[in-house]
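Q: Residue strings, one per chain:
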Amino acid sequence: MTSIPLHGANPVPEISISPEALSRGRVLAILSITVFLALAAYYFVGVDEGMTSLFGKTMVIHEWVHDSRHFLGFPCH
Amino acid sequence: MEIRTILRGAGAGAIAGVLAFVFARIFAEPVINKAIDYESGRDDVLAALNKAAGRTVAPDGPEIFSRGIQSTVGIATGLIAFSAAMGALLAVAYLVMHGRFRIRPRALVWMLAAYGFFGVFLLPYVKYPANPPAIGHTFTIVQRGHLYLVMVAASLILLAAAVVLARRLARRYTMTTAVVISAVAFLVGYGVLIGLLPSLGDLSANVAATNQFGYARAATETPQPIVNILSTPITVGGVTYQPGQLVYPGFDADVLWKFRWYSLLNQVLIWTTIALVFGALLERFLAAGGRQKKNKRAETPTPAPTEEPVPTA
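So the sequence lines, in the order shown, correspond to chains G and F.
Per my numbering, residue 96 is the first one in the first sequence, and the count goes up by one each step.
Per my numbering, residue 9 is the first one in the second sequence, and the count goes up by one each step.
There may be inaccurate statements among the hints.
Stated by the list, open to error - From the derived model, a few chain F residues whose C-beta atoms are all more than 12 Å from chain G:
{"hint": "1", "residue": "M9"}
{"hint": "2", "residue": "A18"}
{"hint": "3", "residue": "A61"}
{"hint": "4", "residue": "G86"}
{"hint": "5", "residue": "L87"}
{"hint": "6", "residue": "I111"}
{"hint": "7", "residue": "R176"}
{"hint": "8", "residue": "Y181"}
{"hint": "9", "residue": "L195"}
{"hint": "10", "residue": "V215"}
{"hint": "11", "residue": "T218"}
{"hint": "12", "residue": "N219"}
{"hint": "13", "residue": "Y249"}
{"hint": "14", "residue": "W265"}
Unchecked claim - The calculated label-pair distances, taken between Cβ atoms and stated as ranges, are:
{"hint": "15", "chain 1": "G", "residue 1": "Y138", "chain 2": "F", "residue 2": "F109", "range": "39 to 45 Å"}
{"hint": "16", "chain 1": "G", "residue 1": "K152", "chain 2": "F", "residue 2": "A213", "range": "16 to 22 Å"}
{"hint": "17", "chain 1": "F", "residue 1": "A216", "chain 2": "G", "residue 2": "L123", "range": "45 to 51 Å"}
I should point out that these hints are in silico values taken from the structure, not numbers from a laboratory.
Quick caveat: nothing in here was measured; it's all calculated off a predicted structure.
All C-beta atoms, glycine included, are put in the ideal place defined by N, C-alpha and C.
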């Protein structure tokens with residue numbers, strides 16, 4: 096929201112839609128993407144290369160986050 | 009507005025993750041190292057026993073990264089990623105829920121964080137608690153993974169249902185009655201849930217494994233003492249063990265307790281930090297006008313800074 100400088104001591108702020116306001120659809124998209132990314136992080140920290148594996152039977156991610164997987168309470172070997 | 013709120017949630021989560029990493033370095037890693045020492049010793053004994061008895065020897069797990077990597081950047085990655093993800097989810101939950109309750113924004117954030125702590129961690133943990141390395145059989149990881157995720161999902165659903173029920177009942181009864189009824193309903197539902205889901209020791213693969221060295225019948229997968237289960241003496245490393253004689257002790261109960269206690273404290277630390285930091289960041293953000301940069305209207309402070317009505321009492 097921007098205010099136009101007017102003469103006088105008390106400028107009336109222009110009423111307009113904030114340029115940062117997002118449409119309903121965009122809000123929905125942003126929330127969905129966030130949820131997807133967060134669940135992906137949860138999955139890769141806690142589940143991948145254990146119960147299921149997205150990228151083949153490697154153990155790289157599993158071994159990298161191994162200690163945190165145990166410590167956060169996920170089932171592990 | 010939405011993106012900035014989410015960034016604040018994820019940022020609060022990242023801060024929580026860093027604190028959790030410091031906590032884990034100090035408290036968890038010594039316990040994890042003890043557990044791994046036990047596991048190594050146990051695996052050596054099992055391999056020697058199985059070899060001496062002419063049974064199949066289980067292969068070792070892979071060692072892709074050194075313990076030095078796993079116990080530093082490895083655990084930091086996992087803790088920070090998990091915490092940031094939970095912070096982002098909390099921000100999404102806030103954006104979906106805000107404006108529906110007559111409470112301060114930060115109070116809503118705190119309640120949602122409590123919901124997350126109980127649903128994502130504590131309620132599943134009661135049934136399937138955190139285990140250090142050495143606990144958890146490789147051949148049951150699929151069932152254990154499914155059971156754990158079912159427990160997380162069911163906990164979140166039951167808890168949400170209890171809150172909805174309490175709000176419905178509060179229209180007809182007093183708040184106390186509504187909360188007590190829904191709490192009892194929740195405990196009944198939760199009790200049925202943890203009663204129906206199997207104990208890990210009762211999984212068919214674990215029952216089937218009881219005829220092997222080191223796998224006695226038990227309620228959990230916590231390593232049992234290794235005894236000579238054969239009907240004849242067995243000689244391993246120059247020592248002869250009679251039938252039924254102890255070869256290697258079970259998992260140290262104190263190490264297990266410490267690991268689980270620290271795991272619980274670590275999650276308390278994560279969710280509390282997310283709640284406090286995100287709550288504070290959010291209210292500061294909303295007080296600054298939400299949609300505009302602070303410096304633009306610094307000279308005209310808005311009288312009602314928060315998005316939601318602040319209770320007057």
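Q: When the hints from earlier in the document are held up against this structure, which numbers fail?
A: 1, 2, 4, 5 and 15
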